[in-house]
Amino acid sequence: MTTDAMASPSSTVRPGLLSRALSGTFLPVLVVVLGIIAIWYIAAISMNSTFQRSLDARAEATPTTIEFIESTLNQERPVLPSPHQVAENLWDTVFNKKISSKRSLVYHAGVTLAPTLLGFLMGTALGILLATIIVHVLSMEKSLMPWIITSQTIPILAIAPMVILVLDAVGIRGLLPKALISMYLSFFPITVGMVKGLRSPDKMHLDLLRTYNASSWQTFWKLRWPSSLPYLFTSMKVAIAISLIGAIIAELPTGAVAGLGARLLSGSYYGQTVLIWSALLMAAFCAAMLVALVGVADKWVRRRMGEKVEAGS
Amino acid sequence: MSDITASSKAPGLPEEWREPLIWLAILCTITALFLPLAFLAGDDGIAKPLRSPSGLCVMLIAGAIASVRFQSWLGDLLLFLSSHLTAGILLFMVPAYSGAAGWGFWLLLISSWLLAWQLVSRLSAHRLEGRLQTLLDLAIPIIFGLWLLLLWEMVVVGAGVPFVLLPPPSQIGARIAESLPLLWADFQQTFLLGVLPGYVIGCSAGFVVAVLVDKVPFLQRGLLPVGNMASALPIIGVAPIMVMWFGFGPGSKIAVVVIMIFFPMLVNTVAGFAAAGNMEKDLMRTYAASYWQTLLKLRLPNAMPFIFNALKINSTLALIGAIVAEFFGSPTVGMGFRISTEFGRLNTDLVWATIAVAALAGSTFYGLIALIERRITFWHPSARG
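Here the protein sequences come in this chain order: A and B.
Read in order, the letters of the first sequence correspond to residues 1 to 313 in our numbering.
Read in order, the letters of the second sequence correspond to residues 1 to 385 in our numbering.
It should be emphasised that the hints constitute simulated quantities derived from the structure, not laboratory data.
Treat the hints loosely; a few may be bogus.
Just a few of them, taken from the derived set where beta-carbon distance is under 10 Å, the chain A residues facing chain B [unchecked claim]:
| # | residue |
| --- | --- |
| 1 | ILE45 |
| 2 | MET47 |
| 3 | GLY110 |
| 4 | SER139 |
| 5 | TRP277 |
A few chain B residues facing chain A, derived, Cβ under 7 Å [what the hints assert, rightly or not]:
| # | residue |
| --- | --- |
| 6 | TRP106 |
| 7 | SER124 |
| 8 | HIS126 |
| 9 | LEU128 |
| 10 | ILE140 |
| 11 | ARG221 |
| 12 | GLY222 |
| 13 | PRO225 |
| 14 | GLY237 |
Non-contacting residues of chain A with respect to chain B, defined by C-beta distances greater than 12 Å in every case (computed) [claimed, not checked]:
| # | residue |
| --- | --- |
| 15 | ARG58 |
| 16 | LEU90 |
| 17 | ALA125 |
| 18 | VAL166 |
| 19 | VAL257 |
| 20 | TYR269 |
Beta carbons: idealized from backbone N, C-alpha and C, even for Gly.
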């Protein structure tokens, strides 16, 4: 899985940027990001030019090249909005609106984050529980594990809207149905990671506890659980990212009321491309923050457990 | 797990009788004897309780006790017969008691399930040779899956769950058999026209970029963190944009799939190229191997486990991407279209039929890639172990 270097969003804000810039990853990342923005601008110009040309032809204007490019980047409803348009919209909807107002992107992000976190917590709990059972009961490992893997080849994200509507019909509304989707998505990486983690203790250590006549309960708390924590945090980083995706998708069928998913949907209904892109960037920001948050928790726990955290994880 | 410690402490009961599942099953069955199986409306319209068939109960208890007496294959067989015969009879009876099942019914169901569980845990403890063990390892999850379907069917029919909420598997199966041409057309539209081309394009694009980037370590260092972050992003959100750009046809689905799977492929391939050990690289150097020779002969084979990891992740991602993209606009055919419209028309059985097809397609796709992986990376510890 592509989990190992997910701490990257936090790594860019560590002290000593200059020294890291020369040898580390900061400068290359900056170059890549700038490159992406440059490609974005070029794409925006070329994709918006057809419409701009027809606009100019209708207005019988003959703009110079610079003027033409300028106007392609500042259309009202561009095919691809330029980065600065999206940035403006983001700034406007994040900082210039009251948080409680429906025009504030922070409000919508909050609406999405609540089920994300709840679903993530439930998914983590379920994942740990399943992993514990699988590690301790042989028959469960043999019968359950193949189905857990199969459960993920089912495109649950694709049926998330239906699950939401079904739960709505039973009378389960609000936070819980969205959280359930997030939970379904996020329990899997946790289970797989924790099964690996709970099995990670050395045979020697397990044997030692056996000589102490430790019960399996004691073995679990004193040996298996502590040694599984690194695995837990790695899987939690993956899980929290998909749980956000789940919450966003789960918002699609609720009739575009509130939340980042609803923002995406209403943007696509009314052709407000700038709206879509700013919602997307906001979602990206949320994802990065959540992953970074787990990373911070990871470091804190490791330090508490007495591990020396080396620079450049 | 704790059987070793338990045996040393608790005196009394002989070792082989300490089977909590068996005792629970017997307890459930005996209780079921005194509880009504179902409430059937009589001639006067008043629901009358129906007694649990004592023959069934006797069979369950006999099977449970016999399985403990015979610890060999005979016990397994008796366990299998008693639990599955009971379940079969219950399954046969349940349509008559639709929505009217009583506690006796549920207890009998639970005890036959407990016996099946006991069977599975006995089977998983067996150690066989070669081919037989593979068969057994296959049989255990199949029994588990069958019971999942069985319980689904019984609970839905027995408790009278509204059809709109959750149709029983038998009905979904009938619907699949009935509307095969429709499902096939949806499958063609979504899978063959959307997922497959997108998968091929996205994976090759990620691979090609990884090879190109490989020559420039600077770009590599920059792309890896960005790519890793991109894999955590809700990229599926670009679906509405792609539908706007490329229209309702398969083009937009391909685009969504390509964007979704590009970064996992890129990141994994780059990581895979870095996986070759220094010793091996030095060896290639002593052979005076060129960059391309080293790439083809050493680093590409070494990267295969990583590449297949991405291919496997991407197989499910691609299917999800194509289906979700159809929610935002599609022609009047396709799995995503079918799910959203048929649900609107409350044809839940067709929705579930489509989901079953999607699940089957997803698992087959995944399984195929896993199979190819085994063939190609046969040397890797995870394949040998």
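Now for the hints, and whether the structure bears them out:
At a threshold of 10 Å, the smallest CB-CB gap from A:ILE45 to chain B is about 15 Å, leaving the interface hint violated. Taking 10 Å as the C-beta contact cut-off toward chain B, the hint placing A:MET47 at the interface holds, the least distance being around 8 Å. About 16 Å separates the beta-carbon of A:GLY110 from the nearest beta-carbon of chain B, more than 10 Å, and the hint is not met. With 10 Å as the threshold, the beta carbon of A:SER139 comes within range of chain B, its nearest partner Cβ sitting at about 3 Å, so the hint holds.
The interface hint given for A:TRP277 holds, since its Cβ lies 8 Å from the closest Cβ of chain B, which is under the 10 Å cut-off. Contact between B:TRP106 and chain A, as hinted, is not supported at the beta carbon level, the nearest pair being about 20 Å apart and thus beyond 7 Å. A cut of 7 Å between beta carbons decides the hint on B:SER124: the least distance to chain A is about 4 Å, and the hint holds. A distance limit of 7 Å between C-beta atoms decides the matter here; for B:HIS126 the minimum to chain A is near 10 Å, and the interface restraint is violated.
Taking 7 Å as the C-beta contact cut-off toward chain A, the hint placing B:LEU128 at the interface is violated, the least distance being around 13 Å. Interface hint at B:ILE140: satisfied, since its Cβ lies 5 Å from the closest Cβ of chain A, which is below the 7 Å cut-off. Nearest Cβ of chain A to the Cβ of B:ARG221: about 4 Å, under the 7 Å cut. The hint holds. Interface hint at B:GLY222: satisfied, since its Cβ lies 3 Å from the closest Cβ of chain A, which is below the 7 Å cut-off.
At a threshold of 7 Å, the smallest CB-CB gap from B:PRO225 to chain A is about 4 Å, leaving the interface hint in force. Restraint check, B:GLY237 versus chain A: the minimum CB separation of about 5 Å is within 7 Å; hint holds. The claim that A:ARG58 is not at the interface with chain B holds, since no C-beta of that chain comes within 12 Å of its own (minimum 22 Å). The non-interface label for A:LEU90 is consistent with chain B: the shortest C-beta to C-beta separation is roughly 15 Å, beyond 12 Å.
Look at A:ALA125: its CB is around 21 Å from the nearest CB on chain B, clear of 12 Å, so calling it non-interface holds up. The Cβ of A:VAL166 sits about 6 Å from the closest Cβ of chain B, inside the 12 Å cut-off, so the non-interface label is violated. Every C-beta of chain B lies more than 12 Å from that of A:VAL257, the closest at about 17 Å, which supports listing it as non-interface. Taking the minimum C-beta to C-beta distance to chain B, about 9 Å, the non-interface status of A:TYR269 is violated against the 12 Å cut.
Of the numbered hints stated above, those contradicted by the structure are hints 1, 3, 6, 8, 9, 18, 20, listed in ascending order.
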